Each structure stands twice: as structure tokens, then as C-alpha cells.
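*Asks:* Chain by chain, the residues:
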Amino acid sequence: MANESMGLIGRKIGMTQIFADDGAALAVTVVQVGPNTVLQVKSGEGNDRYNAIQLGFGIQKERRQTKALRGHFAKANASGIRHVREVRLSADKASSFEPGQILGVEDAFAVGGYADAIGTSKGKGFAGVMKKYNFAGFIATHGSHEFFRHGGSIGTRLTPGRVFKGKKMPGRMGGYRKTIQNLEIVKVDAERNLVFLRGGVPGPNGGIVVVRNAVKK
Amino acid sequence: MNLLQTLEQETLARRTRDDADVRPGDTVRVHVRITEGERSRVQIFEGAVIRIKNGGPRTTITVRKVSSGVGVERVFPTASPNIEKIEVTARHKVRRAKLHFLRNRRGKSARLKPMRDFKRKK
Chain C
1 MANESMGLIG
11 RKIGMTQIFA
21 DDGAALAVTV
31 VQVGPNTVLQ
41 VKSGEGNDRY
51 NAIQLGFGIQ
61 KERRQTKALR
71 GHFAKANASG
81 IRHVREVRLS
91 ADKASSFEPG
101 QILGVEDAFA
111 VGGYADAIGT
121 SKGKGFAGVM
131 KKYNFAGFIA
141 THGSHEFFRH
151 GGSIGTRLTP
161 GRVFKGKKMP
171 GRMGGYRKTI
181 QNLEIVKVDA
191 ERNLVFLRGG
201 VPGPNGGIVV
211 VRNAVKK
Chain X
1 MNLLQTLEQE
11 TLARRTRDDA
21 DVRPGDTVRV
31 HVRITEGERS
41 RVQIFEGAVI
51 RIKNGGPRTT
61 ITVRKVSSGV
71 GVERVFPTAS
81 PNIEKIEVTA
91 RHKVRRAKLH
101 FLRNRRGKSA
111 RLKPMRDFKR
121 KK
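Heads up: the protein sequence lines correspond to chains C and X, in order.
Residue numbers for the first sequence follow our numbering, beginning at 1 and rising by one.
Residue numbers for the second sequence follow our numbering, beginning at 1 and rising by one.
No lab work stands behind these hints, which were simulated from the structure alone.
Since the structure is predicted, the reported quantities are computational estimates derived from the model, not experimental observations.
Beta carbons: idealized from backbone N, C-alpha and C, even for Gly.
Hints are not guaranteed to be accurate.
Partial pick of chain X residues on the chain C-facing surface, computed with a CB cut under 8 Å [claimed, not checked]:
| no. | residue |
| --- | --- |
| 1 | L4 |
| 2 | E8 |
| 3 | L12 |
| 4 | P57 |
| 5 | T62 |
| 6 | V66 |
| 7 | S67 |
| 8 | G69 |
| 9 | N82 |
Using the sequences and the hints given, assemble the complete structure.
*Replies:* Okay, here's the thing in C-alpha cells:
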């Protein structure tokens, strides 16, 4: 079963440092979650087959959107929404929302809780094994040359005579969906819809992230 | 000003104490609040500012002193609520922003030249 924890779509603002009540300096990521519009409630019946709410966030000029999208937004009395994501919930929870409802931070998060952040990590391009998998590389001295950042041997000999599947090798790194779990919610700013999460969040500043209450806490 | 800068300004604005103008080469007395269980008291760390790392609310100063023959350095986040006060007791003439070279000096050669017209604030 999918997770049942409430989440919202947000924009990563960036990282900074704030001081806790006891004076401890905390490294936090600021995420602007909301306002989110509930676009659709998936009921588990008919075509839907599962329970979720569909949320919208951000603005886009209406003339850039297809008629189909405009029609879909109009059903929730909304328009010009840029980002659409779904959050899976239990049937009870999902049915407590109505299309057109506007949600802010406080509808989902409270200080002292924990959250997961889901976003697209920064693309690093074609990366070598040292950067990608933290391989140790090769010795820099004692006459070695041209092997400094190599990954070493990739297999054995006639047995098995091939390279195992999943062998860690250079290649594309980053730019994929990444979830960071159990980030402490240090502060919530209802006025500006901000959550302060202790730790890092995937993606660049300004990137779209889904923040949800931690599944494993 | 973007939102992040606004937030950092707010963190700074939350400080109650107004900071003395601290510069590299100053001798400062840093009053630090230390909480041990229930009780809290103020400890004073006195030494020379050998480095200032600016960064809005992330600004830190590194203070160095020689305590019973051992060099001790402490890094203080100046925006921290645990710092009650930073007093500048003396100012010295220095020609660089980071005084890391003091670490390799001891005794007479580790002295700094006092600034002549520095008046201690009452």
C-alpha cells in the first residue's frame, strides 16, 4: 500500500542557518509549500481505482496551456496552474478534501514532526566512479600514471568470463527523482507558507519538491 | 531582495544585542552563556580575533588565546543567542584580514602592535 501521509508541493528556496531555542545552530532548507489547490479527489471508485488527492502549485499563463488542462483546472475553479502532483491518502483522508480547496503549510506540517522531501536531484552529467560511487581511485605516486581516477578491475578471468550486471561504472549521475527521508521540521511560517527542514533537499534552489510527513517515523 | 535574503535579515534582526564593531586584530572578551543542566552561567573568553568569516547570520569570528602555554581557538557564531556580549578591549594595527600566521608565533613575536588612537568604549 502506498504511504498515507499528507504532503504538499513546494519550491525549494534555499539553505540557511537558524538558531534553536537552546542556541544550537541548525542548517536548514527553506521550502515554500503552497498555496496548493486541490484539483481532484480520487475516490477509489470508477476510473480512479485508488485514493489520492491531486494538488496544483505555481502559476503559468493560461494561453500557454492546452484546452484539456484548462478544462481540468476549471473543474476545481482554478486556472493557470503550473505544477500538478498527486499525494496518495487513505479513503477517509482523501474524502475530507474538496476540489477547489486551497491548502497551506499548516494543513500538513507542524513543528517537531518529521518530513520526507522528494525532488529531482541536480544533474551531474557523465560522472566517473570516484564522484558517482565514492571509489578510492588509484595511487597518485610511485610511478603510476594515467590511472588516477579509474575504478580498477571490473571482473575476474575465464570464470565467470563476463562482467556482472549492476557493476558500478562511470555514467550519468543525478537528475533523477530522489527522496530524502526523516528531515526534522524545525519551523513553520504560516504567513508565507514556509517549512524549515533540517538538512538538505534534492534539487537546485527554485526546484519543485514534494514535501510530505515522514513515512517511517 | 529574494526571500532567502529576507529570512537571513530576520534572523539577524532577532538578536537583542547590538554588535560591537569587531575587526581582525582586536582583543575581545566574548561573554558566552553556558547551560549545564538546569543552571546557566556566563563564561568569558578573551583573546585576539584572528579571522572573521562574513555571511549574514552565519558570520563567525575566531578568537585565539594562549592558555597556560597552549594555544586555544574558539569559533563563535556572532548571531548566536548564546553570546551575551562581545567587548572590544584593545585594537591592534594589522595588515591582513586573516591572522593565521599568529599560530606559528609564540612569545614576543606573537604580539600585535597596538593601534594608537583606539579608545576603549565605556
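*Asks:* Confirm or reject each hint.
*Replies:* Hint check:
| no. | hint | verdict |
| --- | --- | --- |
| 1 | L4 | holds (4 Å) |
| 2 | E8 | holds (6 Å) |
| 3 | L12 | violated (11 Å) |
| 4 | P57 | holds (6 Å) |
| 5 | T62 | violated (15 Å) |
| 6 | V66 | violated (27 Å) |
| 7 | S67 | violated (23 Å) |
| 8 | G69 | violated (31 Å) |
| 9 | N82 | holds (4 Å) |
Violated hints, listed in ascending order, are 3, 5, 6, 7, 8; each of the other numbered hints is respected by the structure.
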